[in-house]
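Enquirer: Protein chains in written order, with the numbering used here: chain A, 1 to 451; chain B, 1001 to 1297.
Source of the hints: derived by calculation from the structure; they are not laboratory data. Ideal Cβ positions, reconstructed from N, Cα and C, are used throughout, including at glycine. Not one of these hints is a red herring.
Which residues of chain B face chain A? A partial, calculated answer using Cβ under 7 Å:
| hint | residue |
| --- | --- |
| 1 | T1117 |
| 2 | V1123 |
| 3 | S1125 |
| 4 | T1141 |
| 5 | N1143 |
| 6 | V1216 |
| 7 | A1217 |
| 8 | T1221 |
| 9 | N1270 |
Okay, the calculated beta carbon distance ranges per label pair:
| hint | chain 1 | residue 1 | chain 2 | residue 2 | range |
| --- | --- | --- | --- | --- | --- |
| 10 | B | G1138 | A | G298 | 25 to 33 Å |
| 11 | B | G1060 | A | P444 | 44 to 52 Å |
| 12 | B | T1099 | A | P114 | 24 to 32 Å |
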Amino acid sequence: MYGRGAHARPFVALIAAVGIATLVGCGSSGKPASTSSGGTGGNGAVKTSDCGTKPGVKATGTPIALGTIVTNQPGVNFTDIPYMAQAYFNCVNDNGGINGHPIKYTILTEQTNPAQIAADAQQLVQTDQVLGIVGNTSIIECSVDSSYWQQHGYYIIDSGIAPECYSTSNSAAVNMGPRYSSDGAVQYALSQGVSKIVFDQANVPGTDHIAAGPAALAGNKNVPIVQLTENVPVTSADSVAIKEVNDAGPNGAVILNFTPPDALVILKAAQSLGLADKVKLWGCSTPCNTDFLAAGLGAQWNSKLFVNAELTPPDTTNSPTMKLYQDILTQYGSSGPNKVSGGVGSFSQMGFTEAEIAVHALESIKGAYTVASVNAAFKGVTNFDTGMLCQKWSYGGYSSHLPNNVDYTVTPNNGKMAVAQGCTQVSSVDPDIAAYRQQAGVAPLDPTANG
Amino acid sequence: MPSWQNFQPFIVTGLALGGVYALSGVGLVVLYQATGVVYLALGAVGAMGALITYSLISGGMAHWLAWLVCLAFSGAVTLAYGMIFGPLLAKRDPLVKATATLGLLLVLFGAMDLLWTTSGGAVRSLTFPTDGHGFSLGHVTINWTQVIGLGVGVAITAGTAAFLRFTKLGTAMRALANDREITATLGVPVRRVEAAAWLGCGILAGIAGLLLADMVALDATTLTFLVISSLAAALIARLRSVTLTFGAALLVGLVQNMLVPIPALTSYSNMAPFVLAAVALLLLSRRRVIGLSREEA
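Please put together the full structure from these sequences, using the hints given.
Expert: Here it is, written out as structure tokens:
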């Protein structure tokens, strides 16, 4: 996510959101059309028992071991993502499992320590003997473990933060990550006819990589762009807001790529100094897509702040998948040591999506569950309707993976985030996106997406 | 280099933040004078008080009452620490006393991380009714919270200076700073004087926590470590003068904010407190060495 560098927080934000999948109704999974039960797609018909193939029957076979590595340190806590995946797996285990096999999920936490992260990967593979890695969300895990996963034949399903989560053959994320989400935010601003872009982001490792995308998009439209970085946590928000507005000018846009707390203090500072209306619009990458932020800002930012959103908005989407997600969250994720503390939101949506994709892949395996068969199944996921993303999700044997590249734009609406623009392709002007689409093409839209 | 006009808004933000840094700085100096403790947990105490206030307001409590709870919490925690650990550490080296307060900082920091989790994209903010109101001075918009930040800094500094100079308790605190043993033998109730210093410092931590939560961020990490700016101001004043601490705090706030619009220096603005403190200490120690040399000669 986007984050706070060495101090941690920075990345918290990376949340670049995600998308998720719905089992339901997606033909190839072999699972009953769980989210479509009821036939009409009315959400009232969905039950948590729809998450498995044998409702009400506990899985008692040999466990299928999966694992994950997640950052959990003061200020940066991504555990809601694997905790939601755990909730989903628990639901599956209570309803038939994977052909009778329960999923055993091992969650290891790390504190942005490369040696620890490398040891975690070895523990999962050698000690816990996991067959697959699902739900990794870490500031640097992709950078540290990427080659290890490749050597051992693991194809990771994760929430990406570091560039290697997208640029390597063995990682496919359900979210877009900071660069491509920033692309989406800048693209929306350009579509509104702004005359200048100020792109401001946390001063953390990887800023040049992230900045290259917005620079390409603005350059393509001959719109000048000012690139700024701020040390985080931001301690002079008033000054930062003044600087941004002065640089952008009255017909310009200020685009932020920060964690929610830092974005909030900057936007609040702009508001209290009367600067919100001194530019044409404000934009933000995915981390700002949280009702916490909408509620913290107030009505002045309605249709003034536009946030790139990588996941289907849960508040305004009445689909079977969204209902299943919320029901599983309530029944399996709302208590106990692995409680999903953030409740409904991007983090838990990401965990749900990753687990759903993993279960879909596991159910396609016909023979024994081994590292080879499980990871071949993960890699083989193609055009899967997650119900949480704009487009269908694929893994594939590509050298890079950016399977989520069509996004929403949302804006605060009286304390909630509401859709301002439906599913829109992020521009291929960003060379990374162009390279991915050259390999994988453009996936079809998810039928439940708000196009 | 930005024009003078472009600098003007940054002067306002710098003075406002400097005023709040002064609050904490004055608390640090008074406590050090009375007890010999550099209270590094001051930021964490204020941060936790502000987070408690946020939770109470979110739960429906009246704002003014929640603010008072923050001050009561900050004062009580600081007083309790001082009463329990102060006597135990009274004869230890100042470095040990300062390091011990890091223990309290870590306990509070851990508690905040557990109680106000940052998972799930959670963000929090604390706002004052004065945030959205203000006035314009030339090209600069000033809100009343900024005025309050500076005003409270001035008031607390002036009040503390007068308190130390004109009251019996203040005189006792100054006496403790000069010589603890002699002061005690003269019948000054040392424990009571120290308790007053701990309590006062805690309340100032609470006020600063509330103001900084609004002006900077309601975030445990940010608020906990903002004590560094105040500590820099106190160090520039050599932990002796509240008036000098106030001036130094304004300087820290001004320099830190006025570096922001200068592209080549903006990334280094957070270094301002350290650099100013280091330069001041070097200059002061050089003057002292020269003074001693002259006396010997």
